[in-house]
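*Asks:* Next come the chains, spelled out residue by residue.
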Amino acid sequence: MEIPTIVGAGLIVIGAGLGIGKIGGSAMDAIARQPEASGKIQTAMLIAAALIEGIGFAALFAS
Amino acid sequence: MHGFFETDILSDMQKPFYVKFLLVATLLLGINAFAQEKGHSSGEEKGSLKAEIKEFIGHHLLDSHDFNLFTIDEEKNEHFGFPLPVIIWDDGLKVFLSSKFHHGKSVAEVDGNYYALYHGKIVKTDAEGTINYDEDHHATNVKPLDFSITKNVVFIFFVSVLMLFMFGRMAKSYKTNALPKGIGRLLEPIVLYIRDDIAIPNIGEKHYKKYMSYLLTVFFFIWIINLLGLTPLGVNVTNNIAVTFALAILTYLITTFTANKNYWKHIFWMPDVPVFMKIVLAPIELLGTFIKPFSLMIRLYANITAGHVVLMSILGMMFIFKNWIGSPLSFGLAFALALLELLVAALQAYIFTMLSALYFGSAVEEHHDH
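If you read the protein sequences in the order shown, they are chains R and D.
Oh and the first sequence: position 1 is 1 in the working numbering, straight run, nothing missing.
Position in the second sequence (first residue = 1) + 63 = the working numbering.
Honestly, the hints are just simulated from the structure, not real lab data.
Here are the simulated DSS-like cross-link-like pairs (lysine-lysine), alpha carbons at most 27 Å apart as the crow flies: (1) R/Lys40 with D/Lys355; (2) D/Lys273 with R/Lys40; (3) D/Lys269 with D/Lys355; (4) D/Lys273 with D/Lys355; (5) D/Lys168 with D/Lys139; (6) D/Lys269 with D/Lys238; (7) D/Lys117 with D/Lys206; (8) D/Lys238 with D/Lys272; (9) D/Lys206 with D/Lys184; (10) R/Lys40 with D/Lys272; (11) D/Lys355 with R/Lys22; (12) D/Lys168 with D/Lys157; (13) D/Lys269 with R/Lys40; (14) D/Lys184 with D/Lys168; (15) D/Lys184 with D/Lys139.
Far from chain D by the CB rule (all over 10 Å, computed), these chain R residues: (16) Pro4; (17) Gly10; (18) Ile14; (19) Gly15; (20) Ile20; (21) Lys22; (22) Gly25; (23) Ala32; (24) Arg33; (25) Ala37; (26) Ser38.
Derived Cβ-Cβ restraints for the label pairs, each shown as a range: (27) D/Asp260 with R/Lys22: 21 to 29 Å; (28) R/Ile6 with D/Lys272: 45 to 53 Å; (29) R/Gly15 with D/Leu403: 17 to 25 Å; (30) D/Leu132 with R/Ala32: 48 to 56 Å; (31) D/Leu250 with R/Ser38: 23 to 31 Å; (32) R/Leu51 with D/Asp259: 21 to 29 Å; (33) D/Ile304 with R/Gly15: 22 to 30 Å; (34) D/Asp259 with R/Leu11: 38 to 46 Å; (35) R/Ile6 with D/Asp259: 44 to 52 Å; (36) D/Leu290 with R/Ile3: 33 to 41 Å.
Given the structure is predicted, the values throughout are model-derived calculations rather than measurements.
Using N, Cα and C, we set each Cβ at its ideal position, and we do this for glycine too.
Next comes chain R alone, as it looks inside the complex:
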């Protein structure tokens, strides 16, 4: 049986969403612990989220 590619796209979105959610949650924790470092934490968070997003999009276009 052939699995439609849309299922793959859904799996990709679930994975990327979980990953970015984890990054956001951890950044929130870190900012709550050290509010004075929030600028640096935000930058690192955005970079990590962008890298995951890039992989997610690459996989979406392949599917």
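Chain D: place on chain R using the hints.
*Replies:* Same frame as chain R, now just chain D:
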């Protein structure tokens, strides 16, 4: 506390009210323009309607040879807009206006050769405009080399001229006065932000200056052109993969040609690891240098494309529901999404600049003891 908020809101509303009004009006007009373009199709049945919305979105994502603002009557082929010059190389340079195609409906005759538009691309045909297909339903007609000034090219030129004018005037104003004037008041904090929070921490005090011109240019180019994509003009330059490819290749070339010995050493002969690992790591690291700009290209392209597709699909909901709940729902979602897209426009420019700075930083990193 209560009083503080009240006065704050009041003073906030009084002064820049016209600015807010303009912003809201632009957004509403944008949504209306999209809606109008589809308005004439609402009388048809559901299956073909869905196909039509799909076709409309696909058409919106493509580059075009004429600058079409909106369609007055599809059947009579009446459009509001203006033609753009077509420049093709087919046994000699041929220049003519895209109005000869009549929006893809007729064949253009130039010096005894016939050309037609096929899915937005120029193909060579005979006098009747027949398109020949192979087994996979691909057109087999000859495609001449196309150097046309298309809609995307027009807007790339427009943003270049705008930036040259804006930053030229800004630079001139600093010669007489240390304080920024006019548009400089808006742009100075952004320029300083890119220098102090993107360039210096990632590249380092010593080398950051030679990369500043590229980082500033790429940031403002991507930002302005993404914002233009949200206006009712219907431009979407950054969702053309060729544009993001060109931007990414610039980052790649600058990284490669300004890299120092330390950078190449870390790619081909990684220090402080066993010899076997050095051999294994070299191809992986070399591949990594290509994957970095590739991911830059895909990220910008995919983000903007996804944003446009979702926005247009939500607007298309209006014509699929065809009852009282569809329009407010579609309007509300589209409005919220348009606001999110404003953030994404700036965020993608920031990410592109940030990652470029990170790659430049790795290229000029000095050797330090591990």
